[in-house]
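There are 2 protein chains.
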Amino acid sequence: MSGFNNNWYTEIFAASGSAFGLQVTKKLDEVQSPFQKIEMYETSHFGNLMVIDDVIMLSSRDNFLYHEMLSHPVLFTHANPKNVVIIGGGDCGTLREVLKHPGVESVTQIDIDEQVTRMAEKYFPELCASNNDPRATLKFDDGIKFMREVQPESIDVIIVDSTDPIGPGEGLFNRAFYDSCRKALRHGGILVQQSESPLIHMPLLKDMRSAMLDAGFDALQTLLFPQMVYPSGWWTCTLARKGMAFNGFREADAVKAPFNTEYYNAEVHKAASAWPNFMKQALLG
Amino acid sequence: MSGFNNNWYTEIFAASGSAFGLQVTKKLDEVQSPFQKIEMYETSHFGNLMVIDDVIMLSSRDNFLYHEMLSHPVLFTHANPKNVVIIGGGDCGTLREVLKHPGVESVTQIDIDEQVTRMAEKYFPELCASNNDPRATLKFDDGIKFMREVQPESIDVIIVDSTDPIGPGEGLFNRAFYDSCRKALRHGGILVQQSESPLIHMPLLKDMRSAMLDAGFDALQTLLFPQMVYPSGWWTCTLARKGMAFNGFREADAVKAPFNTEYYNAEVHKAASAWPNFMKQALLG
Chain G
1 MSGFNNNWYT EIFAASGSAF GLQVTKKLDE VQSPFQKIEM YETSHFGNLM
51 VIDDVIMLSS RDNFLYHEML SHPVLFTHAN PKNVVIIGGG DCGTLREVLK
101 HPGVESVTQI DIDEQVTRMA EKYFPELCAS NNDPRATLKF DDGIKFMREV
151 QPESIDVIIV DSTDPIGPGE GLFNRAFYDS CRKALRHGGI LVQQSESPLI
201 HMPLLKDMRS AMLDAGFDAL QTLLFPQMVY PSGWWTCTLA RKGMAFNGFR
251 EADAVKAPFN TEYYNAEVHK AASAWPNFMK QALLG
Chain Y
1 MSGFNNNWYT EIFAASGSAF GLQVTKKLDE VQSPFQKIEM YETSHFGNLM
51 VIDDVIMLSS RDNFLYHEML SHPVLFTHAN PKNVVIIGGG DCGTLREVLK
101 HPGVESVTQI DIDEQVTRMA EKYFPELCAS NNDPRATLKF DDGIKFMREV
151 QPESIDVIIV DSTDPIGPGE GLFNRAFYDS CRKALRHGGI LVQQSESPLI
201 HMPLLKDMRS AMLDAGFDAL QTLLFPQMVY PSGWWTCTLA RKGMAFNGFR
251 EADAVKAPFN TEYYNAEVHK AASAWPNFMK QALLG
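Protein chains in written order, with full-length UniProt numbering: chain G, 1 to 285; chain Y, 1 to 285.
A couple of the hints might just be wrong.
Copies of the same chain look alike in the list, so a pair counts if it fits in one copy or across any two.
[What the hints assert, rightly or not] Derived EDC-like pairs: lysine to aspartate or glutamate, alpha-carbon spacing no greater than 16 Å straight-line:
(1) 270 x 164
(2) 280 x 262
(3) 82 x 214
(4) 280 x 267
(5) 37 x 114
(6) 206 x 133
(7) 37 x 105
(8) 26 x 53
(9) 183 x 105
(10) 270 x 170
(11) 100 x 121
(12) 139 x 114
Hint data in this document are derived by calculation from the structure and do not stem from the laboratory.
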């Protein structure tokens, strides 16, 4: 699984019979944490690369797509998000995006693996630039347990920025976890979770959406965006809302956002909710 | 360039230090035409795969994205497209999509390499299903010469469905070719051309757009869509209009289109024109 020669890091996606590789100039680091193996590479064109248990997590050059789309659509959809929880997200890129919103009063990030954050601080310092924001709390603990025990109706937005549904991420893709999330959210609160590739993971996406509805969420919205380093280069996140339907987003606020983004803007937000026909058929047909 | 072992076809994208591979079950065919080397593979998950001069052209499973986006947006943008010319497009997938439009009266396809079409007939018969439509004419000739000599103001839509701007496709990406196209179009006519990846080919896209404006086109529109087998998995096409601006598209007609599409629909069409911030900055900033 580790490449077709020493100058490349290549990941094979067995489920789709496809592979993606980046040219590597140097292996920077490797640690085996209590939870997973974390590797760092320097690439020729994409900056640094983090790999966890042989799965590509992010590169310096293209992580903005994923981090922005996991943060800004949900925050501009909620009427007034003050208290945010991030489950996973140890590279801190999502945290940085969330903290750009001046109305956010607290963000608690719970990643099970402190080593991911330590590696990010070293090799993706730009993503960790807001870690000392007084509104941020970084916990290294079990996100499933945290969500089970947190005070009911205390959170506005939950962002699940996890690995795939195998290994440590597995328990974040089922009814029991969604039950906990729903209880933890206030009325109108929104859970958003990365939901894999529309081209090759449709059964998983369908199961996730069913489990979210089974847990009592009132409305779902799956957004699409490009993400080069993930299987198929095309990815989704799914929003699940408690107590009310989706009704657009705070478009005027998005247009006059007091911060910069590389991918996200109000038009991109609207565009992300346009489903191709094959997806409508698979999920609604 | 031909893979990291016998079970994979892997293409290395030197310009981005990245690579994409598909698992191969069998090599089906290889011909060396007067113009290029054409290889056919059977893959494990993506059906058949066509490779020209070591560059992946299309797979059975994901070509619908590219072919639909090169055809339907331009045809639903033009008020009443009757006469269409396709330059390149030898696999005939774009031709099939164009012929789905009942208002189209003639489509002339000019691909320089007859072997591409012969291989497509054999290995992508579904894409060639409309080749015998009485409205279709398949010519195997030089598209640059054709466009230079065609009767002025005789075409409504020109679709340039070519390889990358190296090798036989090179002359399709410059001012001289765009001059010919503009002359050949009627007032309100539209040229559309595949315009590479927004993530890794921005200088090329910028140059193409400049050359189109230099040739006297009045308005441009670059659309974005996913395309797994091309570099970065994210692709664009650019529309250039003669004599008038873009002003939306025939949305009501797209909504009640009398044919099926897998990716394209009216919402997807609108969404495709939403530019990320980094693209606005690079092209307009």
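Right, here's what the structure says about each hint:
With identical chains, the CA atoms of residue 270 and residue 164 are never at most 16 Å apart, being 26 Å at best within one copy and 31 Å at best between copies. Within a single copy, residue 280 and residue 262 get their C-alpha atoms only as close as 29 Å, which misses the 16 Å cut-off; across copies the closest is 10 Å, which meets it. With identical chains, the CA atoms of residue 82 and residue 214 are never at most 16 Å apart, being 27 Å at best within one copy and 51 Å at best between copies. For a Cα distance limit of 16 Å, the shortest separation of residue 280 from residue 267 across copies, 12 Å, qualifies, whereas the shortest one inside one copy, 21 Å, does not.
In the homo-oligomer, the alpha carbons of residue 37 and residue 114 lie at most 16 Å apart inside one protomer (12 Å), although the nearest pairing across protomers, at 51 Å, exceeds that limit. In this assembly of identical chains, residue 206 and residue 133 lie within 16 Å of each other by CA distance neither inside one copy nor across copies; the values are 37 Å within and 39 Å between. Within a single copy, residue 37 and residue 105 get their C-alpha atoms no closer than 34 Å, and across copies no closer than 60 Å, so neither meets the 16 Å cut-off. In this assembly of identical chains, the alpha carbons of residue 26 and residue 53 never lie at most 16 Å apart, being 18 Å within a copy and 30 Å across copies at closest.
For the homomeric pair residue 183 and residue 105, neither the shortest alpha-carbon distance inside one copy (20 Å) nor that between copies (60 Å) is at most 16 Å. In this homomeric assembly, residue 270 and residue 170 never come within 16 Å of each other (Cα to Cα): the closest approach is 30 Å inside a single copy and 36 Å across copies. In this assembly of identical chains, residue 100 and residue 121 lie within 16 Å of each other by CA distance neither inside one copy nor across copies; the values are 19 Å within and 54 Å between. For the homomeric pair residue 139 and residue 114, the shortest alpha-carbon distance inside one copy (8 Å) is at most 16 Å, but the shortest distance between copies (63 Å) is not.
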